[in-house]
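Produce the complete structure using the sequences and hints provided.
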Amino acid sequence: MTAAPQNTKAGAEKIAVTVSAVVPLNDLVTRFEFTRPDGAAFPPFSAGAHTVVEMRDQGRTRLNPYSLMSDPSDPSIYAISVRRDDQGRGGSLFMHRNVKVGDAMTLTYPVNLFSLDLRGRKHVFLAGGIGITPFMAMIAQLEQSNGNWELHYACRSEALGTYADQLRSHYPNKVHVYFDDQNQAIGLEDLLDGQPLGTHVYVCGPKGMIDWVHTTAAEHGWPSENVHSEEFLAPQPGKPFEVRLCKSDITIQVGEHESLLEAMERCGVDAPFLCRGGACGQCETDVVEADGEFVHRDHWLDDDDHACGKKIMPCVSRFVGKTLVLDR
Amino acid sequence: MTIQFNKETFRDDYSFRNSDWAIKRFPFPFHEDSYMYSVNMEQHRGGPPGSVYEKRFDVDEHYLAEMEDRAIVLAEDPLRCQSLPHMTLAGWDTLELIMTCKSEDYPDLFELHRDGKRWRWVNKPMGIDHSFTFLDETTLPCGPLEYITRQTQGDFAVLDQRDEMLWMDAGTVTTQADWSLDFDIGMNFFEWHAPVPMAHELGIFKRALKFLLNVQQGAPARRLNWTMTVNPLLDTSPENYHKWGIQKTTLTPENIGAKQHLRVELQTFFRLPRSNALLFPIRCYLIAFQDIVSVPKWGRRLHRVVRDLPDELATYKGFIANRPMMLDYLGQYDDGRPTSPGIWPDLETEPPLDMGR
Amino acid sequence: MSKFQFPESIASRPTYGSLKSRPGKAHLMIADAEGAEAILDLAAQDAGLMAKSHVIYIPSGSGAGLSERLRGLKPAQYYEGPSYAAAVPRIRRVLSDAHMGLQVYLCGTEGLMGQAMNEATAAGIPHSAIQTEHRGSIARRMQCVHCKGITENVTTDPFVCAHCGLNLFVRDHYSRRLAAFQGVCIDAEDPGNVPNPVELYK
Ligand code: HEM
Ligand code: FES
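Protein chains in written order, with my numbering: chain A, 70 to 397; chain B, 280 to 636; chain C, 3 to 204.
Warning: the hint list may mix true and false statements.
[What the hints assert, rightly or not] With a straight-line Cα cutoff of 27 Å, these simulated DSSO-like cross-link-like pairs (lysine-lysine) come out:
id	chain 1	residue 1	chain 2	residue 2
1	B	Lys485	A	Lys379
2	B	Lys489	A	Lys308
3	B	Lys527	C	Lys54
4	C	Lys27	B	Lys596
5	A	Lys191	C	Lys150
6	A	Lys83	B	Lys334
7	A	Lys83	A	Lys379
8	A	Lys379	B	Lys489
9	A	Lys191	C	Lys27
10	B	Lys489	A	Lys83
Hint data in this document are derived by calculation from the structure and do not stem from the laboratory.
Right under this line is the structure:
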């Protein structure tokens, strides 16, 4: 139909925020709290959602997703807890070193890839280390609705047990903490055994822990639908690349954080689109020449199309390599 | 502009009418001279001023009459509004979304005053001024989904999202194109679409589902769907099909222009923030054939679309038996001239009908 | 013949597999009539299975000769009931204190499997984790979309609604929640013109 004019931003909507508190919790983890400069309420969110924090780090933009860990019923703040990763790509170091109270930052609207199954009769949370953060919001949400939950939380040591004391004192009967350095471990098999029908298990932590929970639950006859883990699909930026558009007779640069479609629009090329999500097929574009690898992310083209490299969907897909010429 | 609400009915004497304003802003669904199912989705971020796409929830001259019709249907059959137990939060989400949007988009008609959890909702056209506690069902006369959808045009399906799938776990459905919420509730995206011909084979539902799973908060989407209805009957339900089906046989060459209606659904998709469910409002717009052909471009195009539509689709949409009579009527308004691309009426630029021959 | 290959149909129409023994401490098997044969086949796959199993069986006529053989499998618990309705309180009781990991096996007619599936999903087991195998009658449970009444054991198309008396045609559109296919008035647009009933799948 195309009832344009439209506002043609891609990706999740953004929210301007001010850093309202920076609270070091232990040697590794710091909580950052945000408010809105205009004093407006934040959009509500569902427990398990994350936000993508945009960091301006000396001319380069970093985009890191963090679970929202504040109480979803409190619209006045958003909070995240960030574990410093000295070996990582630098986002968490930037947060720890550079972000100060009063700084202006940008967050995306919440996106939830780890939601509660609201049909659950009982919710069992299994956290490893910083994996505790989404459960902080889930616990707050379930407490509001009198949900039935329990938490099993494995941390390295008492000193690194982020929020462990707070949780234990608030919910002494529901929270179980295990310290590695005291040779304590979650007794998963016993835990899975004997849970009432309709129980859901949620795991957030290191990959090994997630795999262990899925495998053990399957061995004990648990349906996969009842075992949830966060699949962290970070937003999908990519390396900048150059494209020649032969009909328009221009060569354009696609930046790290924009899509090929957005780059074309920025350069004044009138490119078709409807969904901007790789589903409708409108933006399908013929490839004239390519020397490199396509990063196809659409649901429109089939596997053969993806393999043969003759077509690309500019709203979501990218390219890595030397030359790309499109029939546009 | 302030809207003049019509006094009209969608049953019995069928006094429903579209004003000239409503005809010009009608969401004509065909952007070219032929039609086939497609993944015709786009972002829902406004549209030209005055168009049905402009606001998040369009309110028009039929508002009060449609709400009266809904009240009649729900009184006769409460199963038209249902919500599985885990969907109450999504019901509150729906209430919040609609109250927020309507009070922002139509401040002269609707007001929402919030003081923490104490909310006051004013719906001037319906004469409602009600204070309640957000998230406390005991302060509403019925569930939150039913409460707000009794005050909002269009049907509503509320989809729970689990295991990379959408599940139709709640809804209010009284203006449907012949499907039953009571039967479909609890089904998944592929199951409730099972009766649709051809689209599964074309891969449309697979792609559409992937897109919908990714619809994010603050970034709604929309699409159009259409069918045909004899008489401006909103409640073409399977439940009552044994009563209204016979009306399809009452068309004559004399009455078809007034009786035969094109039925267009403006379908929108909103991610609900607290429940992570997806809201699917299905807003039904009706227009008599005689009003469509008052726009020359639309008359020409509708004739061509109906003529060339595959039999499977004409059968599924329930008008295969009446198609010849429709074509006889519409053919009078197709002079064979080309039509401009797009859905808009283009009244200034498209030539008037020329049947001079 | 107790096995029937249903032709391919629309996405809401259930499909059935053949039962496989799965890991788990507890197993619940619910069958009617020729469904008993599927349990016999299942037991033959896994010698240790029946000692962990609770069998609920409704012979309903065509299963009379199979009861003895089922009992002979020595399930941990065995119940035989005169009708599905009579077995429902027991099924609910069993599910009410069952634990995650319980494996559910349903076999026999579509009506039995659909209704028992409903009990199991209401108790918190996802429907995709419940195994089913069709045996025996191809009769359908039909909901009249107009009066909402359920007509059991429908074997012809069209048929007469046992509640409101309308002549209904048999759709493949199926509701798991109602455990029924949809029946829709066949002569709404031409009252009185009702074709002669034809046996399903004939
Ligand atoms: C998630 C929200 C949606 C809901 C709740 C929904 C619901 C339905 C229902 C109940 C029907 C009637 C099926 C019947 O005959 O019983 C239908 C028809 C159909 N749906 Fe959807 N739908 C949704 C989204 C979509 C999307 C995104 C597409 C995109 C391509 C789509 C395409 C269709 C088509 C082509 C038909 C046939 C309509 C006709 O020919 O009149 N639906 N839908
Ligand atoms: S715009 Fe829809 S697939 Fe690219």
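Status of each hint after checking the structure:
With a C-alpha separation of about 23 Å, the suggested pair B:Lys485 and A:Lys379 falls inside the 27 Å cut-off, and the hint holds. This hinted pair checks out: B:Lys489 and A:Lys308 have alpha carbons roughly 25 Å apart, not beyond 27 Å. Taking the CA atoms of B:Lys527 and C:Lys54, the gap is about 59 Å. The hint is violated against a cut of 27 Å. For the proposed pair C:Lys27 and B:Lys596, the alpha carbon gap of about 51 Å is over 27 Å, so the pair is violated.
Taking the CA atoms of A:Lys191 and C:Lys150, the gap is near 33 Å; set against the 27 Å cutoff, the hint is violated. Annotation: proposed proximity of A:Lys83 to B:Lys334 holds, straight-line Cα distance about 21 Å (limit 27 Å). Between the alpha carbons of A:Lys83 and A:Lys379 the distance comes to roughly 34 Å, so the proposed pair goes past 27 Å and is violated. Note on A:Lys379 and B:Lys489: the hinted pairing holds, with a Cα-Cα distance of about 23 Å set against a maximum of 27 Å.
Restraint check for A:Lys191 and C:Lys27: satisfied, since their Cα atoms lie roughly 20 Å apart, inside the 27 Å limit. Proposed proximity of B:Lys489 and A:Lys83 is supported: the alpha carbons are some 23 Å apart, at most 27 Å.
Violated hints, listed in ascending order, are 3, 4, 5, 7; each of the other numbered hints is respected by the structure.
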